[in-house]
Amino acid sequence: MRNRFAQTFYELGQQDPRLCLVVADISPASSIEDFRREFPDRFINVGVAEQVMIGMTAGMVRRGLRPFAYTIAPFTLFRPFEFIRDDICYPNLPVTMVGMGAGLCYPTLGATHHAQEDIGVASAVPNLMVLAPCDPEELDAATRWCAQQEQGPVYLRIGKTGEPTLTADALTPFEFGKLRYLCRGEDTLILGYGPILREAFALKERMEAAGESVSIISAHTVKPFDGAGAVEAIRAHKRVVIIEETAPGGSLGPKVKALAYDAGLRTPITAFSLLDAFSHTYGSVQDLLGEHGLTAAAMAVTLGLPDAPQAMI
Amino acid sequence: MAPSAPRAVPLSSAAATDASDPTRSVSRFDAAAARARCLRYRRRILDISQQVTALHIAPAFSCTEMVDVAYNHFMRWPEQRESPDIFLMSKGHGAMIQYVALEDRGILTREDLDLYCKPGGRLGAHPDDAVPGIVAATGSLGHGMGIAVGMAYAEKLQGRDGRVFLVLSDGELQEGSSWEAAMMGANLGLDNLIALVDHNDFTGLERLSEGHPAFAPLQAKFAAFGWEADQAAGHAAREIVGSVAAREGGKPYALVCHTVKGRGVPFMEHAPIWHYRSPSPEEYRWAVDGLTEIDS
Numbered sequence: 001m002r003n004r005f006a007q008t009f010y011e012l013g014q015q016d017p018r019l020c021l022v023v024a025d026i027s028p029a030s031s032i033e034d035f036r037r038e039f040p041d042r043f044i045n046v047g048v049a050e051q052v053m054i055g056m057t058a059g060m061v062r063r064g065l066r067p068f069a070y071t072i073a074p075f076t077l078f079r080p081f082e083f084i085r086d087d088i089c090y091p092n093l094p095v096t097m098v099g100m101g102a103g104l105c106y107p108t109l110g111a112t113h114h115a116q117e118d119i120g121v122a123s124a125v126p127n128l129m130v131l132a133p134c135d136p137e138e139l140d141a142a143t144r145w146c147a148q149q150e151q152g153p154v155y156l157r158i159g160k161t162g163e164p165t166l167t168a169d170a171l172t173p174f175e176f177g178k179l180r181y182l183c184r185g186e187d188t189l190i191l192g193y194g195p196i197l198r199e200a201f202a203l204k205e206r207m208e209a210a211g212e213s214v215s216i217i218s219a220h221t222v223k224p225f226d227g228a229g230a231v232e233a234i235r236a237h238k239r240v241v242i243i244e245e246t247a248p249g250g251s252l253g254p255k256v257k258a259l260a261y262d263a264g265l266r267t268p269i270t271a272f273s274l275l276d277a278f279s280h281t282y283g284s285v286q287d288l289l290g291e292h293g294l295t296a297a298a299m300a301v302t303l304g305l306p307d308a309p310q311a312m313i
Numbered sequence: 001m002a003p004s005a006p007r008a009v010p011l012s013s014a015a016a017t018d019a020s021d022p023t024r025s026v027s028r029f030d031a032a033a034a035r036a037r038c039l040r041y042r043r044r045i046l047d048i049s050q051q052v053t054a055l056h057i058a059p060a061f062s063c064t065e066m067v068d069v070a071y072n073h074f075m076r077w078p079e080q081r082e083s084p085d086i087f088l089m090s091k092g093h094g095a096m097i098q099y100v101a102l103e104d105r106g107i108l109t110r111e112d113l114d115l116y117c118k119p120g121g122r123l124g125a126h127p128d129d130a131v132p133g134i135v136a137a138t139g140s141l142g143h144g145m146g147i148a149v150g151m152a153y154a155e156k157l158q159g160r161d162g163r164v165f166l167v168l169s170d171g172e173l174q175e176g177s178s179w180e181a182a183m184m185g186a187n188l189g190l191d192n193l194i195a196l197v198d199h200n201d202f203t204g205l206e207r208l209s210e211g212h213p214a215f216a217p218l219q220a221k222f223a224a225f226g227w228e229a230d231q232a233a234g235h236a237a238r239e240i241v242g243s244v245a246a247r248e249g250g251k252p253y254a255l256v257c258h259t260v261k262g263r264g265v266p267f268m269e270h271a272p273i274w275h276y277r278s279p280s281p282e283e284y285r286w287a288v289d290g291l292t293e294i295d296s
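Sequence lines, in order, name chains A and B. Once you know that position 51 of the first sequence is 51 in my numbering, the rest is easy, because the numbers rise by one and skip nothing. Once you know that position 181 of the second sequence is 181 in my numbering, the rest is easy, because the numbers rise by one and skip nothing.
FYI, nobody ran anything at the bench for these hints, they're computed from the structure. The beta carbon of each residue, even a glycine, is placed where N, CA and C say it ideally should be. Where hints are given, some of them may not hold.
To be verified - Facing chain A, from chain B, some residues (calculated, C-beta under 7 Å):
(1) S140
(2) G146
(3) V149
(4) M151
(5) E180
Produce the entire structure from the sequences given, and follow the hints as far as they go.
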């Protein structure tokens with residue numbers, strides 16, 4: 001996804017001379033080298049200095065530029081948090097702050113490089129919109145939306161590399177603020193956001209093998225969340241599974257359950273998230289997700305699905 | 001990847017001409033008018049103090065001359081339209097002097113100041129966004145330098161010659177965020193950034209020189225961070241003007257102004273109690289009667 005972000009940003013940057021990228025000693029990908037070469041004054045590396053990364057975007061946007069901030073997710077949000085809150089969110093400035101490699105995308109770098117709590121933390125700040133696209137295609141659309149919007153600040157939460165395309169058969173294009181069906185069934189609804197939705201597709205296979213008809217929704221706009229759309233979607237299914245690679249605090253699960261409750265719905269909802277715990281393991285992404293119960297296999301067990309067939313005929 | 005190389009953005013030619021550059025002019029600075037204004041500003045702040053239960057009087061008095069010089073001498077005001085220059089009060093608790101200066105320039109109204117900290121008013125104890133003349137909601141210290149660096153850079157990137165005048169408190173230079181931003185200001189060669197440091201040697205709890213012996217010297221610290229740095233008597237407006245005018249340029253500029261917290265009212269000077277307090281009616285009268293013009 002970081003490659004796709006770089007490519008999209010470079011294309012956008014060629015059209016809009018106000019677009020700038022402020023990074024904290026990290027480069028999105030090789031494509032941004034083209035941007036940097038063509039527009040050297042619009043690429044600013046502040047070095048390992050996230051507070052001034054944000055502070056500069058606040059000053060730049062007020063004087064007519066359209067800056068994006070970019071670094072690894074915990075450093076984007078946590079390190080300069082007060083600067084995001086006071087300098088960007090309070091005055092509602094249209095700055096997009098990209099958090100790359102969120103969740104457990106860096107499974108060998110330790111907890112300092114994991115942004116588990118970012119969705120809850122970002123969602124708690126007034127004015128701050130939160131976008132979490134599920135694949136490079138959706139990220140392309142989300143980035144284009146961010147580059148042209150004047151509504152306010154965005155925390156754009158993306159993966160790192162190797163994310164499969166999940167939106168090829170989506171029923172609708174990306175629309176900010178709206179839930180998006182990636183596939184449509186009748187029995188079970190899987191609702192989630194971000195690259196973890198690849199586990200949703202694996203789960204869907206297991207469910208279909210057990211005779212269920214499954215929908216998957218990308219809730220790419222975590223905030224402002226499409227509550228009305230969620231209630232309507234819950235009404236249309238017999239059970240709901242929520243999947244998100246984030247800490248329980250401030251996550252989508254409790255929010256959706258509350259919406260369902262307030263709407264008088266008693267549809268069974270099972271919410272999966274990361275545990276309220278740091279990871280002390282080093283390994284692959286799947287290893288760490290497995291510890292949190294967030295792989296398709298682990299979730300299938302919790303959901304009581306029959307064992308995976310030995311061979312799919 | 002290798003960090004990006006420091007890149008000095010060239011000075012716009014307009015800034016080099018004395019006639020269009022008040023920051024280079026000493027002869028056109030009217031010191032008598034400045035002294036009279038500062039007296040009026042201090043009196044205005046004392047008057048407002050009688051409308052509210054508490055006020056950051058002493059913090060406003062220590063930067064009165066700096067703020068006056070910035071608004072009324074350094075900044076350009078073409079035909080009373082919006083200035084191409086920017087003033088940023090990073091020392092948010094010094095807001096009162098900024099409000100009074102903005103009122104004097106007709107950017108804020110008398111009613112704005114009458115409704116200070118009252119329902120229906122838009123002025124609070126710290127500068128607020130979306131108020132005319134206010135470019136950032138400061139109040140949490142250590143934010144202004146980063147914002148100022150971004151603004152100064154944006155001016156140069158877009159080919160404008162706007163200058164950013166930044167008033168900092170000495171205490172907020174305890175925040176690391178101020179220094180990482182200062183480093184970037186130097187990296188980017190932002191010589192359109194002029195910082196005035198209100199070095200009154202007081203923080204909330206104690207005198208800096210007593211409690212934090214490693215804090216000073218500030219001028220050397222700025223110089224070590226790649227700025228051009230000087231120091232001046234912070235209540236001698238002529239010294240402030242002269243120092244800024246004498247700067248070499250090519251780098252961001254910091255003037256460490258040695259000031260007195262509460263300067264202007266003898267019984268408020270150096271007294272921590274006047275950080276956030278309104279004088280009683282009797283104290284108010286003593287203060288007003290004791291106000292004199294200041295040039296040191």
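Against the structure, the hints:
no. : hint : result
1   : S140 : holds, 6 Å
2   : G146 : holds, 2 Å
3   : V149 : holds, 6 Å
4   : M151 : holds, 4 Å
5   : E180 : holds, 4 Å
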